[in-house]
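K.L.:
One line per chain: the protein sequences are C and H, in this order.
Residue 422 in this note's numbering is what sits at position 422 of the first sequence, and the numbering runs on without skipping anything.
Residue 220 in this note's numbering is what sits at position 220 of the second sequence, and the numbering runs on without skipping anything.
What the hints contain is simulated information worked out from the structure, not anything from laboratory work.
Incorrect hints may appear among the rest.
Pairs involving identical chains hold if they fit within one copy or between any two copies, as the list cannot separate such chains.
[Claimed, not checked] Okay, derived cross-link-like pairs now, BS3-like style, lysine-lysine, Cα gap no bigger than 27 Å in a straight line: (1) LYS94 with LYS286; (2) LYS157 with LYS12; (3) LYS18 with LYS59; (4) LYS245 with LYS291; (5) LYS94 with LYS293; (6) LYS334 with LYS362; (7) LYS286 with LYS245; (8) LYS157 with LYS245; (9) LYS286 with LYS157.
There are 2 protein chains.
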Amino acid sequence: MAASQAIAEFIKALGKEKVLTDREDLLCYSYDATPDVPGALPEAVVMPENTAEVAQVIKIAGRYRVPVYPRGAGTNLSGGTVPVRGGIVLSLLKMNKILEIDADNLIAVVQPGVVNQALNDALAPYGVFYPPDPGSAATATMGGNVAECSGGLRGLKYGVTKDYVQGLEVVLADGTVVRLGGKTVKNVAGYDLVKLFVGSEGTLGIITEITVRLLPVPESRCSMLAVFADLEAAGNAVSDIIRHKVIPATLEILDKVTIRTVEDYLHIGLPVEAEAILLVETDGIKEVVEKEKEVLRRVLEKHGALVRIAAGEQERDQLWAGRRAALPALARVKPTTVLEDATVPRSQVTRMLAAIREIGQKYNVLIGNFGHAGDGNLHPTILTDARNEEEMERVHRAVEEIFKKALELGGTLSGEHGIGLAKKRFLPWQVGPEGLALMKKIKRALDPLNILNPGKFVDSADLDENGEKREGEGETGR
Amino acid sequence: MAASQAIAEFIKALGKEKVLTDREDLLCYSYDATPDVPGALPEAVVMPENTAEVAQVIKIAGRYRVPVYPRGAGTNLSGGTVPVRGGIVLSLLKMNKILEIDADNLIAVVQPGVVNQALNDALAPYGVFYPPDPGSAATATMGGNVAECSGGLRGLKYGVTKDYVQGLEVVLADGTVVRLGGKTVKNVAGYDLVKLFVGSEGTLGIITEITVRLLPVPESRCSMLAVFADLEAAGNAVSDIIRHKVIPATLEILDKVTIRTVEDYLHIGLPVEAEAILLVETDGIKEVVEKEKEVLRRVLEKHGALVRIAAGEQERDQLWAGRRAALPALARVKPTTVLEDATVPRSQVTRMLAAIREIGQKYNVLIGNFGHAGDGNLHPTILTDARNEEEMERVHRAVEEIFKKALELGGTLSGEHGIGLAKKRFLPWQVGPEGLALMKKIKRALDPLNILNPGKFVDSADLDENGEKREGEGETGR
Numbered sequence: 001m002a003a004s005q006a007i008a009e010f011i012k013a014l015g016k017e018k019v020l021t022d023r024e025d026l027l028c029y030s031y032d033a034t035p036d037v038p039g040a041l042p043e044a045v046v047m048p049e050n051t052a053e054v055a056q057v058i059k060i061a062g063r064y065r066v067p068v069y070p071r072g073a074g075t076n077l078s079g080g081t082v083p084v085r086g087g088i089v090l091s092l093l094k095m096n097k098i099l100e101i102d103a104d105n106l107i108a109v110v111q112p113g114v115v116n117q118a119l120n121d122a123l124a125p126y127g128v129f130y131p132p133d134p135g136s137a138a139t140a141t142m143g144g145n146v147a148e149c150s151g152g153l154r155g156l157k158y159g160v161t162k163d164y165v166q167g168l169e170v171v172l173a174d175g176t177v178v179r180l181g182g183k184t185v186k187n188v189a190g191y192d193l194v195k196l197f198v199g200s201e202g203t204l205g206i207i208t209e210i211t212v213r214l215l216p217v218p219e220s221r222c223s224m225l226a227v228f229a230d231l232e233a234a235g236n237a238v239s240d241i242i243r244h245k246v247i248p249a250t251l252e253i254l255d256k257v258t259i260r261t262v263e264d265y266l267h268i269g270l271p272v273e274a275e276a277i278l279l280v281e282t283d284g285i286k287e288v289v290e291k292e293k294e295v296l297r298r299v300l301e302k303h304g305a306l307v308r309i310a311a312g313e314q315e316r317d318q319l320w321a322g323r324r325a326a327l328p329a330l331a332r333v334k335p336t337t338v339l340e341d342a343t344v345p346r347s348q349v350t351r352m353l354a355a356i357r358e359i360g361q362k363y364n365v366l367i368g369n370f371g372h373a374g375d376g377n378l379h380p381t382i383l384t385d386a387r388n389e390e391e392m393e394r395v396h397r398a399v400e401e402i403f404k405k406a407l408e409l410g411g412t413l414s415g416e417h418g419i420g421l422a423k424k425r426f427l428p429w430q431v432g433p434e435g436l437a438l439m440k441k442i443k444r445a446l447d448p449l450n451i452l453n454p455g456k457f458v459d460s461a462d463l464d465e466n467g468e469k470r471e472g473e474g475e476t477g478r
Numbered sequence: 001m002a003a004s005q006a007i008a009e010f011i012k013a014l015g016k017e018k019v020l021t022d023r024e025d026l027l028c029y030s031y032d033a034t035p036d037v038p039g040a041l042p043e044a045v046v047m048p049e050n051t052a053e054v055a056q057v058i059k060i061a062g063r064y065r066v067p068v069y070p071r072g073a074g075t076n077l078s079g080g081t082v083p084v085r086g087g088i089v090l091s092l093l094k095m096n097k098i099l100e101i102d103a104d105n106l107i108a109v110v111q112p113g114v115v116n117q118a119l120n121d122a123l124a125p126y127g128v129f130y131p132p133d134p135g136s137a138a139t140a141t142m143g144g145n146v147a148e149c150s151g152g153l154r155g156l157k158y159g160v161t162k163d164y165v166q167g168l169e170v171v172l173a174d175g176t177v178v179r180l181g182g183k184t185v186k187n188v189a190g191y192d193l194v195k196l197f198v199g200s201e202g203t204l205g206i207i208t209e210i211t212v213r214l215l216p217v218p219e220s221r222c223s224m225l226a227v228f229a230d231l232e233a234a235g236n237a238v239s240d241i242i243r244h245k246v247i248p249a250t251l252e253i254l255d256k257v258t259i260r261t262v263e264d265y266l267h268i269g270l271p272v273e274a275e276a277i278l279l280v281e282t283d284g285i286k287e288v289v290e291k292e293k294e295v296l297r298r299v300l301e302k303h304g305a306l307v308r309i310a311a312g313e314q315e316r317d318q319l320w321a322g323r324r325a326a327l328p329a330l331a332r333v334k335p336t337t338v339l340e341d342a343t344v345p346r347s348q349v350t351r352m353l354a355a356i357r358e359i360g361q362k363y364n365v366l367i368g369n370f371g372h373a374g375d376g377n378l379h380p381t382i383l384t385d386a387r388n389e390e391e392m393e394r395v396h397r398a399v400e401e402i403f404k405k406a407l408e409l410g411g412t413l414s415g416e417h418g419i420g421l422a423k424k425r426f427l428p429w430q431v432g433p434e435g436l437a438l439m440k441k442i443k444r445a446l447d448p449l450n451i452l453n454p455g456k457f458v459d460s461a462d463l464d465e466n467g468e469k470r471e472g473e474g475e476t477g478r
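Starting from the given sequences, assemble the full structure and let the hints guide the process.
P.N.:
Below is the structure:
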């Protein structure tokens with residue numbers, strides 16, 4: 001069998017200790033943080049230590065047509081790293097060095113296995129930081145962040161991963177190593193392939209080195225909690241803040257279900273009678289923070305909120321610990337947590353919040369809702385039990401209706417989690433058959449043997465020689 | 001002949017008034033703002049009024065294998081819009097409507113023929129603006145800005161075109177219309193094709209609608225002029241400003257040749273004895289501007305500058321008029337102006353400035369140097385005469401050496417002008433044969449008939465069926 005020959009070659013090339021084949025090991029790499037997606041056991045886990053080893057692995061995989069599933073910490077929420085056709089998991093965790101911190105040029109160069117938080121810890125003494133901060137920052141790797149184009153809490157003011165990646169080293173599907181982009185902010189030497197690889201979910205190449213842009217750490221910040229007796233009022237306040245020309249660093253919402261669950265978990269004094277809370281942080285020089293604080297307070301109170309300004313760093317940290325506990329707290333309530341990231345234009349947040357509440361009632365499923373309200377990126381979280389088939393059927397219908405509503409309001413299926421396996425069948429709803437065909441043409445051009453993360457949102461297996469759809473292999477239609 | 005049949009079809013589809021074939025008209029579309037690049041007369045100029053007409057044109061062009069050269073205002077500086085194999089020029093100037101201003105979501109939607117400055121004029125009453133501001137903002141179109149990924153004076157703090165384009169409607173090479181991206185900042189539904197089309201220089205599709213992100217207009221600003229008796233000191237001050245955690249909105253340099261030429265042209269009292277000046281502007285809320293102004297003054301003076309703060313809006317406008325006159329003023333000196341945009345990491349600006357001066361002396365050519373020092377994006381401008389063959393030979397060798405030096409210092413061939421025709425042969429120096437092969441694979445996948453802007457930096461004509469290089473059609477090697 002091809003795979004066993006390939007495994008022998010991986011061992012020959014990398015050494016036995018970098019190729020795992022024990023069933024217990026394989027099991028650990030057969031799933032990721034995503035619930036409710038089908039997976040399969042990989043045939044081996046390969047752990048290269050440098051770019052040359054990655055290139056060797058890819059060349060061997062190509063020769064034997066072995067699927068390659070690249071993986072960082074496996075924290076992703078779209079099934080992006082789950083193997084579906086056997087093959088190998090390519091773990092980048094051994095490539096975990098920070099290669100360069102160039103504070104003068106506001107640049108850092110890292111290997112893909114570096115953890116997001118570890119980078120920021122290393123940057124702190126230089127007074128600079130890497131802004132994208134996914135909820136999983138403490139464990140997620142930079143390679144995974146780039147492959148999924150992670151967002152996070154600071155997206156409203158600071159943008160997301162793609163806004164900070166300036167250069168990449170990538171091993172292509174034929175084992176060729178390319179270096180794309182570089183250290184300059186301005187760079188228009190041909191197609192912007194850096195941005196094509198950011199968010200490509202491991203389907204176009206293996207990212208082996210990342211050059212990111214940094215920013216000076218803001219000298220001051222201020223957090224506040226706004227308590228609302230009405231969900232819509234909270235949604236309206238979000239739009240009104242931006243209308244007052246204030247762009248907070250973070251602007252997060254937690255609904256009643258989430259507030260109660262977090263309070264029950266952490267006992268930090270959250271207002272359990274509230275219908276919603278907004279957590280807002282502004283940062284910058286002291287004078288800006290003072291000024292924006294007053295504008296924020298005024299706007300929030302205008303919409304009926306009780307506003308509490310965090311008195312010191314300790315109270316601030318407690319507030320944000322509460323926000324970061326939203327997902328783990330919700331996940332404790334029921335065995336299965338289906339977390340979505342439907343995203344709408346900011347002005348539609350109120351309508352989306354109301355729609356999600358109604359959809360929960362309609363399908364009689366328990367939905368906790370929280371997320372990055374400032375950029376319209378909500379995380380409706382359905383608390384359920386995968387063993388209850390009847391309920392799961394209702395969950396699936398509720399999720400579909402949430403996606404349809406987000407698209408109807410001018411939004412997207414996914415703000416920051418990616419498509420992967422979990423949302424594969426919904427993608428044509430958003431990008432149309434033409435958009436999907438275009439993505440598949442690119443996939444096929446770069447990975448003609450379809451060995452890189454096959455079976456995911458863009459799978460060229462069903463395209464003929466001309467990149468056209470094969471007869472009888474239709475996509476899920478609109 | 002295929003072209004004449006195609007022209008008959010264009011006329012049938014769009015009407016005679018939208019298809020120009022008179023020699024006088026064709027002549028006007030046979031060149032753009034780039035000096036010293038070969039061009040050819042197009043066989044027709046086609047001026048569609050809407051997306052459906054663009055799609056019709058592209059389908060006809062595909063049927064007859066007619067090259068299509070898309071064009072906005074023709075202000076580009078890399079030969080990007082110059083026809084090289086006959087065919088048609090596709091002018092997007094009739095598609096010049098602003099379709100939507102959505103201030104609540106900080107979004108505008110425009111057709112490609114809208115002029116950059118016209119968009120900002122229309123946005124002004126809403127208190128928002130579109131940050132990218134190429135030197136040609138008063139005439140360049142948004143379609144051209146997107147196709148070339150224009151930069152400009154505000155790049156240091158605000159970034160460039162790709163940082164602001166969130167959605168596109170594109171007519172593909174087969175006439176299919178796709179809508180990519182959308183109104184949300186966070187959006188990870190498949191490959192980020194929006195960013196692939198930004199900067200693709202008309203080689204992958206025709207951009208027919210653009211959704212851009214806007215920002216609130218800063219409430220206050222302050223400009224200053226720093227006069228240096230030493231070029232290196234000016235370069236060092238640039239790095240030191242960022243080291244003090246101040247990121248000015250603009251940070252421009254003019255060298256002695258440029259200062260004298262501008263003063264000779266405008267008589268605005270520039271210091272003609274200076275070796276260099278820096279023009280710096282900070283913006284934001286009043287308190288930020290006050291604070292940053294003092295930091296800037298201190299740092300600039302530390303490096304030996306005489307600093308003059310612009311007293312009011314009139315003095316400010318005069319300073320920036322001086323900067324914007326740099327290119328037209330230099331262009332008056334000699335018949336031919338070869339303007340480059342080699343870009344280096346900020347910390348290398350001093351070395352690059354010195355290198356350019358030495359290269360000018362070595363080849364005995366007159367170089368005025370100015371540009372966006374803050375993001376390392378310099379505009380060495382060689383003043384020459386295309387009719388003087390011997391001098392042009394020295395100009396070409398000087399340009400080559402400037403490119404080599406920029407790459408050696410970790411920079412790029414082009415910060416904001418693009419590759420087009422003018423830098424086609426240098427591109428492999430930067431991206432390597434692997435990088436160029438990758439770009440060509442994408443080109444071939446999206447435009448298999450090679451009808452979109454053929455002959456430019458990525459020309460799939462020399463690839464075989466598998467996207468591999470044909471025998472004997474080597475690229476310029478490293």
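K.L.:
Now look at each hint and say whether the structure bears it out.
P.N.:
For each hint, the structure was consulted:
1. LYS94 with LYS286: neither (41 Å within a copy, 49 Å between copies)
2. LYS157 with LYS12: So LYS157 and LYS12 fail the 27 Å test inside a copy (49 Å) and across (50 Å) alike.
3. LYS18 with LYS59: within (17 Å within a copy, 53 Å between copies)
4. LYS245 with LYS291: both (12 Å within a copy, 21 Å between copies)
5. LYS94 with LYS293: neither (44 Å within a copy, 46 Å between copies)
6. LYS334 with LYS362: within (20 Å within a copy, 75 Å between copies)
7. LYS286 with LYS245: both (18 Å within a copy, 14 Å between copies)
8. LYS157 with LYS245: This pair counts as both: shortest intra-copy Cα distance 12 Å, inter-copy 18 Å.
9. LYS286 with LYS157: both (17 Å within a copy, 19 Å between copies)
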